[in-house]
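Number of protein chains: 2
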Amino acid sequence: MAEAAGKVNELLNALIPRIDVPENRLYDAMRYSAMAGGKRLRPFLVMQGAAMFNVAESCALRAAAAVEMIHTYSLIHDDLPAMDNSDLRRGKPTCHKQFDEATAILAGDSLLTQAFGVLADPKTHGDPQVRCDLIATLAHSAGPLGMCGGQQFDLMAEKMKLDIGAITRLQRLKTGELIAWSCEAGAILGKQPPEIRHKLQAYAHDLGLAFQIADDLLDAEGSEEEVGKSVGRDAEAGKATFVSILGLERARSQAAALADQAAKHLEVFGEKGKLLRDVARFVVERRT
Amino acid sequence: MAEAAGKVNELLNALIPRIDVPENRLYDAMRYSAMAGGKRLRPFLVMQGAAMFNVAESCALRAAAAVEMIHTYSLIHDDLPAMDNSDLRRGKPTCHKQFDEATAILAGDSLLTQAFGVLADPKTHGDPQVRCDLIATLAHSAGPLGMCGGQQFDLMAEKMKLDIGAITRLQRLKTGELIAWSCEAGAILGKQPPEIRHKLQAYAHDLGLAFQIADDLLDAEGSEEEVGKSVGRDAEAGKATFVSILGLERARSQAAALADQAAKHLEVFGEKGKLLRDVARFVVERRT
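Those sequence lines, one after another, are chains L and B.
The first sequence begins at 170 in our numbering and counts up by one.
The second sequence begins at 170 in our numbering and counts up by one.
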């Protein structure tokens, strides 16, 4: 995972150069957030999925960088005072704290826009139909029917009484869709048939849910120092989470069960699917 | 122009449906801003450019809707309190005034994301290479090397002393690049060779500059009621504009000269280029 992260970091560093222009503060902010580390889970999923289908690493890396740009933009915007109002992210001041709100908004917009530019470039894949597939599916996963809709739902959820079905839907939109894209991108790059893509979607569905429950557990149990971002915010805001509804114990066993289930979807791929099966376990066992 | 606007409005209405979900406030905000009227200049440019090269109207309309989504998102974000802090847009309360800041940020993000989804769809053009070209060029025009960079520069310009060269660059980034894309999209859809695309780029360059000078003149001379948005803001902020540097008279004659020059680039297209040549005149004579 560290190896994939290193390669993606290198590409992000090249894709977001620091240019000597009056508005270079924008590039500084984009680089600050994009290069701030983080697990690079989504890039790793893209890389592993692509490796299963013999996709050239240079292609997979570009799709990986694109989804990390989208993920980074979403963190920048979600942290804004008008949204979650967070001061800390990946152990450092959030983008609007380090720079200012206007710059943070524009840095997010820029990363979002550039992600699609990266995918549209012939370097990402020789077949333009594949590039269009990547773009269409990513726009769906990141847009109002996916991540943006999920964040809106999340903001409104503070005033709602959510049951487990609603929380599951919220998670699917807010984080699940982008994770699902990351899992499927390799199969798109490898021009795999629908039944293969469905297997990866099923894996991603369970993985995403497990990931969110693990996130809720970290927010409830972890320390700010350990997790690298503000914790305990959900309870403070009186927000329903998997943990608040299921309780710590059931949430923990649910996450583990989902991780097992996720891994099972990839058994058909044999040895090639091993790393992604391991990811499922990692996701629920991680401490940050 | 009204005819093109009507058709684009119809398509935008279909592309941004109101869906019955807990987060429907997001769709309401997207629709509120996207359907708020406006001149629909960019869609008109796309439609006219496409008509010159016999592109199917259904294809041109989708590219037109995409660029209007991008333009609308940029207005929503630019109006935010952290940016230009505007209360009025197209004669109505700005998105964050009508809804709230978080919803406005997400509505902008959603429109930006969806624009690329619209372009990636086979309905926009049968050839995926054309769709990738549209996406790559739009991402460039709207991203940090274009519109986002221009807005960042504009925010920082309040503390700078800009000369005419710097203001011209600022305009090119902030509004020129997206107008240029609108002028070129028809030629991309019509698979035209580089020399044709260059003619349209040259036209767009002069048109964009004329457009911005006209905008500065409206900000200096127009009434809020007439223009439909807050006016006099530039002078208030002590911001250098074409008008503050050139003076009213020279700014007016400069805009007219640029409009003439823009029209000249299209003379090679004969009768087919007439409407776009008329646009150049309209842009400097408009009162809103």
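In case anyone wonders, no lab produced these hints; they're calculated from the structure.
Check each hint, because a few of them may be wrong.
Copies of the same chain look alike in the list, so a pair counts if it fits in one copy or across any two.
[Claimed, not checked] As a list, the in silico DSS-like pairs of lysine-lysine whose alpha-carbon atoms are at most 30 Å apart:
{"hint": "1", "residue 1": "K208", "residue 2": "K408"}
{"hint": "2", "residue 1": "K368", "residue 2": "K292"}
{"hint": "3", "residue 1": "K408", "residue 2": "K292"}
{"hint": "4", "residue 1": "K360", "residue 2": "K292"}
{"hint": "5", "residue 1": "K292", "residue 2": "K441"}
{"hint": "6", "residue 1": "K266", "residue 2": "K433"}
{"hint": "7", "residue 1": "K408", "residue 2": "K266"}
{"hint": "8", "residue 1": "K368", "residue 2": "K441"}
{"hint": "9", "residue 1": "K208", "residue 2": "K261"}
{"hint": "10", "residue 1": "K328", "residue 2": "K266"}
{"hint": "11", "residue 1": "K368", "residue 2": "K208"}
{"hint": "12", "residue 1": "K328", "residue 2": "K368"}
{"hint": "13", "residue 1": "K441", "residue 2": "K176"}
| Hint check, failures only | Hints 3, 6 and 12 are the ones this structure does not satisfy, whereas the remaining hints hold.
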